Amino acid sequence: MRRGIWPRILILAALCLWLLPALALAASTRKVTSFQSQVVTEGRQTFLRIEIGMNGPIKDYEVKGDGILNPNRLTIDIDKAEKGDVRAEIPLDRKFAKTLRFLDTGKKLRITVGMQAPASDRNYRVYTLEKDRHAGKPHRLIIELYGEGGRRGHVSGLKGRTIVVDPGHGGSDTGAVGVGGLREKDITLEVASKVRDILENSGVKVVMTREDDRDVYGPTATDAQELQARVDYGNFTPNVDVFLSIHCDAFTSESSNGTSTFYYPKTWLDALLAQNLQEAMIEHGDRRDRGIHEARFYVCRHSTMPAALVELAFITNYVEGNLLADEDFQDEMAQGIAEGLANYFAASGT
Amino acid sequence: MMNMTGKVVTAAMMASLLLLTAGCEETGKPGTSSKPSAATENPAPKLNTPVPTAPAVSGQTEVKLYFPNEAGDSLGSVKVSVPVEDKYTAAAKELVAGTKEPGLTAIFPKGVKVLSVKVEGNLATVDFSKELTHKFVGGSTGEQMLVSALVNTMTEFPEIERVLITVEGERIETIAGHLDTGEPFARPTGLVQ
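As given, the protein sequences belong to chains R and L, one line each in that order.
1 is the number of the first residue of the first sequence in our numbering; add one for each residue after it.
351 is the number of the first residue of the second sequence in our numbering; add one for each residue after it.
Chain R on its own, in the form it takes in the complex:
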């Protein structure tokens, strides 16, 4: 018995000695060395950017909204870090958040942000940046806070996808002409460009059938050549997940209004795509829900991947014509379309 125990104790002791340097290394904590916050405007988005500089790389951190009890509180726990010499409580631009607090919990540095609205992935973004010698910047934790309306131009769940965006009509084909001479081809390009921006910002490879006011095939093309040229963008690009055509509706009766989505059921995915796009557009645009329609639409039928054609609103209706020309409405519809795509991918499991 005795003989049996001693070697074990020796081994344990040796192990402890061997582990000591590692433990000491692990125990060396990062300290906060700088704090900076500023209101930033990028495009149509204004947000508060907080940069927390640290004297070493930030490896493990956890971000969470505090849920039911403290919905407006955003908490970030950084492993093996401590406050250092910065103030424990820092007031922020009240448009975005009230205060930011640092708290050493022993093992972790806890950062809490008192937001003006319940924390959700739409109104904040947290990420790290490496040390940048050229810019003279340390390792940083970045917290971006988006005020009312939330974060634009980004939708999660789309990274790595390839999507064809087809702005309806163009060039010699004006599409429908609505109130005040508003041309469908101009609106579809504007909204499609906004959709492209959001998708690219969200990690999507976007293929546009046209980037400006032109015929996709050529001004003298037949209708079939023109429509096929758009379809070819999808069919000849590898691994396209979705073909999306953006249009404005029109009708002889000016009272006709609302948003609809058309699809051709090549597989069950086409209807699922249409349904998700439609729901998100209604949520964001808040126009009359005309529903989704099965229809033998050229671009939907001839695309080899799931496809949908959205009709944003009626260019021939006075109220909706004005909305279609309004940048805020265009932004909402573009955001809705991007979210609809993300919801579709989540629902389809593809």
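Some hints here could point you the wrong way.
If you want a taste of the chain L side facing chain R, the calculated C-beta under 8 Å gives, among others [as the list claims (entries may be wrong)]:
id: 1; residue: 421
id: 2; residue: 462
id: 3; residue: 488
id: 4; residue: 528
id: 5; residue: 529
Anything over 12 Å on all C-beta distances counts as not near chain R; from chain L, calculated [said to hold, decoys possible]:
id: 6; residue: 434
id: 7; residue: 443
id: 8; residue: 453
id: 9; residue: 466
id: 10; residue: 525
Hints are computed from structural coordinates only; laboratory data are not their basis.
Computed from a prediction, not measured in an experiment: that's the story for all the values here.
Heads up, the beta-carbon is just placed ideally off N, CA and C, and yes, glycines get one too.
Put chain L on the given structure of chain R with help from the hints.
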């Protein structure tokens, strides 16, 4: 899939029309029996009242024409009297001429003419002048309503099951860049109540 489209009944009804093509022989042939005159369900306005027509004269026959409602989400019908000997072309011409029925709207572009209607087997080929595509006003909804109105009207004749649209004798791929009109359309079951 039905429970998705079922959300908007009229949408589903309209939808199936444009989907069905030549091969769909199971497609029902409503309207030839004693079905009541048409009008769609809500939200379409009630349009049951047929336009008063002259008492049936010999050599005349009554045909039912379909027109979109003002919201552009369903079809209503109107009865008119046409000469028996040229009933197909007459019906198409009456349709293109439009209606004054309250709540219903015209959908064919101004100036478009019906050049001919040929019936071979169960297929009617309706040939229009170039204004059909050149002067067309309407987006997806307009296009869908135009085709639905034409196909429903022509398939009221029991011998016609499919309708092909041509312009000056040629097949067209589309009217305004949405619907694929390269092949005939058939009437769906359930489009009109």
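Hint by hint, here is what the structure shows:
1. 421: Holds. Min distance 6 Å.
2. 462: violated, 13 Å
3. 488: Cβ of residue 488 of chain L sits 5 Å from chain R, so the hint holds.
4. 528: Holds, because the Cβ-Cβ distance from residue 528 of chain L to chain R comes to roughly 5 Å (cut-off 8 Å).
5. 529: Holds, because the Cβ-Cβ distance from residue 529 of chain L to chain R comes to roughly 6 Å (cut-off 8 Å).
6. 434: holds, 31 Å
7. 443: holds, 18 Å
8. 453: violated, 10 Å
9. 466: Given a closest Cβ separation of 22 Å, the condition holds.
10. 525: Violated, since 9 Å does not exceed 12 Å.
Of the numbered hints stated above, those contradicted by the structure are hints 2, 8, 10, listed in ascending order.
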